[in-house]
Amino acid sequence: MNRKKRTPMTMTPLRRRGGALVAVLLSTTLVLSACGGGGEDSGNSAGATRTITADNGTIEIPADPQRVVALGNTSQPFIDIGGKPIGVTELSASELDPIPAEQKATFAAATNLGADTAEVDLEKLAGMKPDLILVQVPDSEFEGIEKELEAIAPTVFWGLDTEWKTFADALAEAGNLTDALSEQKTAFEEKVAKIKETHREVIADTSFVAVDRWDNADPGTFVITDFGCIEIAADDIGLNSPKAAEGDDPLGWTDLPFEQIAQLSKYDAILYPVDAEGQPKKAFAPVVESNTWKALPAVGSGRALGVFCPGNNSYGPVLKYLDSLDSALASLPAKG
Amino acid sequence: MTSLALRQDGPGTVTVPGPRRRLVGLVAALLVLLVVLVLSVMIGSTAISPSVVWDALFHPSPDIDQFAIRDYRVPRTIVGLVVGVALGLSGALIQALTRNPLADAGILGVHAGASFAVTVAVGVLGVSDIRGYMWFAFAGALIVTLMVLALGSTRQGQSPVVMVLAGVCIGAVLGGVREALQLTNPDAFDAMRSWNAGSVVGRPLDLVWPILPFLAVALVLAFAVSGPLNALALGDELAVAQGVRLVPTRVLSVIALTLLAGGATAIAGPIVFVGLMVPHVARWIAGPHQRWIFAHSILLAPSLLLASDILGRVVMRPREIPVGVVTAFVGAPVLIALVRRKTASGL
Amino acid sequence: MDFGRRVLTVRRRRVAVRLEWRSVIVCAVLALAAAGMAVLALMTGSYQLSPGQVVSALSGGETGLVHDIVVEWRLPRVTAALVFGAALGVSGAVFQSMLRNPLADPGIIGFSEGSFTGALIVVLVVNGTYMQLVGAALVGGMATAVAVYVLAYRRGVQGFRLIVVGIGVSAMLMSLNRWLILQADLEQAIAAAAWNAGSLNGVSWDQVVIGGACVLVLLVLAGMLSRPMRQMELGDDAAASQGVRVSAARLALVVVGVALTATVTAASGPIAFISLVAPQIARRLARTAGITLAPAAVVGALLCLTADYVAQHIAPTPLPVGIITVMLGGGYLGWLLFTEARRRL
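Protein chains in written order, with the numbering used here: chain E, 1 to 336; chain H, 1 to 347; chain G, 1 to 345.
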């Protein structure tokens, strides 16, 4: 079986589960027992502390953490708000690609603690003497290393289903980086307001559909997606696009065979993923090259819009997405 | 064990079907194949009316539904046909050669070799396109099959158990290395997964044509050695007594079957049990003559493969299940039934 | 078809005493090697500690992180590797002896795929907790092992048939698993998949103590069964004539063998191939005629610890131990085949 790394894009807003609650309860007892076990003199005992609440309970952390280790999905969003982690777990090339060069350099400067958070080199991590550990991984993976991490330094954990804005707030709070974040938040609010204003009519009377094709998709399949960037477009901008019924699996989990491309003709406009240069994303290229795609009315009339989504788990990439969405909407021809 | 290929239905009842049955069987198999081919074009994830299908084939126009027929259903049908023929014939060959009714290219490590080679190509050498790594799959399949056959060979011929063992252990080692590679390179894993599904979908036809000459050569070789293989079924001594030259027969058979299994795996990824099951049905209909077994296998295997593919298209609509998953599910019970039969237990 | 057995009957009685001697020495040497490996694993790690610090931590003289690293991380991990490795070795020995086949192994007869199926079903149907997942994995594994056994049963279980049925059932479950993963909640599927890789990273004393206690009880049981087991190696009739209740003994052996593997699987996920390889290495080192439990246990412990050390420290990036054991085990099997093939030629 695979132990595939997760792109934040494919993972973000899952439903809350009973398991999470159990994990939280369990982690509380573990925290208590860890305290008894002699972890109290680790961390930043000299400086002031404050408390933060996350999925693993209420944690006492340094007021101004200096040596932060960011594991799993926390590394990129943490760097995005100006954090400089000293240790990280690997990101795949496809996750690293879209992030800005100076952030890439920050990532590369951090010590590599392993390919996978479940196999993170705990002793190496301990040897770095961090004063704060940030983790976002599946609950089950965290359970396995929770006690060990907490023995090293105060550990803040978020499940994969943390909503991205909440996640950014929490990361900024933990890392004492709220100033940098508030700039990004302002930029985001302005951008959202501007798009809503500029494209008011288009947003009101166009039916959109967002399509994608994951890197690990079976050949000859694509998805209609309702999470990731399109969710931001739907929730914040108000784009009208298909969404899974409450309680159902997200649409983006169902691989559809290429034959189903023809079904896209019932929508006014199609949003498809492109890279920074505006070319169809590599995994999505087979869809664009297909004759069925080319025969779609929306494609023929220029109403298939390439949108660049560098990530949906922090403000930096989301702002870039909104820029891309803005110009895509501007290029949309009036409805014939 | 030597007479395994001859006996069919338990002790005493050695039924050798007459020429009539063989011929009728062959015609019936051909008809079944034709029906399946038609169905494969008719049935899919979306409902497209027969008249549109007809027009798509005979009065082509740039209509969106017609593209679905011409671009997806027809190619996957052709791929299924080619892969099915190769798998069926390779299964018949490997069973005749090893005198082992349970031999199957998949069990013997072809898939392990191919997927390992693909992982190396993607993860280490940076090949990212199926056009590139298909050739790695081909090479990997060939090398590992040869290794397994070599390990499993003794002076007395091939030992089925040792061969299964060799397949299992080579598969395990390669699997371990592959997993380690994939863990350190998740992008390679992604690319890999799309090949590893064992599917006839999304294989561009221009990818299939270069493999065809290999398969054609193998086809000719297979029929060329079918006579000596008949004699071989009676045991090496008897075969030699009948003037069969053992070494050339074995070498040619191995070449043919690795080309077939390797080619099929390179195109479609690992598809299990088709090569195992079909020759049994063929033997049941056609009796002990290898030439007839081959001919029946060639017709029956693509029918089975395409029927499995059609099943995979409809059971979870609109999503599809890769054909490799379906054949494993359908094939395993057949394997178990076979191994429980008296004839096989004589091994 | 029973290929381990021919060798066995030929030289059994004549050299029995000398062999026992040898196996005692071999066990002692292997145990020393395992102890050495354990010391090495305790002393070394990415966190630099002097031997003095390690010793002092073990004797309770350190507090804080140094204590945690040695006593809470390295020590349980080393203990787990030794105990679980021994359990796997004995489990494999029981199976191979009982089925008179060097290939018999809970993994090969579908235990791994079956336990993964169990885990996935729990994930899918009841959206269960980690403990439920582990429980279901055990049930799934055992049910599969039993099913394979029953399907392969036809007036007795014959080695080759068992293996082929195992391959068939495994392949079928593999495809079922793939289908189930398509159905599952992504995060839960990942949890099941991560569990399925078999890792000792972050193993805690709780797991070691509970798992270790189970293993201990089972090892004692296995020891008690070793006499009927060896008599059954000579054939059911021979064993029956010496007063062994063959079918009861066989059932007990299956239960003990599967339970040993199941315990390890529950604590760390499936660690492949040790149960297959350890008894074979033990048999060759100790030159015993049949499969013996004690050498298999020691070899299993040494193998598992070594594999985990390689996975942790020698591999370019830390890997789950299961990946290393697959490679070690498969490599060993290949070498075995190669030498046996050469001998035949």
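FYI, nobody ran anything at the bench for these hints, they're computed from the structure. Every value quoted in this text rests on a predicted model; they were computed, and no experiment measured them. Any given hint could be a false lead.
Calculated cross-link-like contacts (lysine to aspartate or glutamate; reagent style EDC-like; alpha-carbon spacing at most 20 Å) [said to hold, decoys possible]: (1) 266/E <-> 65/H; (2) 294/E <-> 63/H; (3) 129/E <-> 62/G; (4) 294/E <-> 65/H; (5) 294/E <-> 71/H; (6) 282/E <-> 129/H; (7) 266/E <-> 129/H.
Between residue 294/E and residue 71/H, does the CA-CA distance stay at or below 20 Å? 12 Å, holds
Given the proposed pairing of residue 294/E with residue 63/H, does the C-alpha separation stay at or below 20 Å? Roughly 10 Å between the alpha carbons, so the hint for residue 294/E and residue 63/H holds.
Given pair status - residue 129/H, residue 282/E, alpha carbons within 20 Å: With a Cα-Cα distance of about 11 Å, the restraint between residue 282/E and residue 129/H holds, given a limit of 20 Å.
Does residue 266/E pair with residue 129/H here, judged by a C-alpha cut-off of 20 Å? 32 Å, violated
For the pair supplied as a hint, residue 294/E and residue 65/H, is the alpha-carbon distance within the 20 Å limit? Within the cut-off at roughly 12 Å; holds.
Does the structure keep residue 266/E and residue 65/H at a Cα separation of 20 Å or less? 14 Å, holds
Restraint status (C-alpha distance of residue 129/E to residue 62/G at most 20 Å): 17 Å, holds
Violated hints amount to a single one, hint 7; each of the other numbered hints is respected by the structure.
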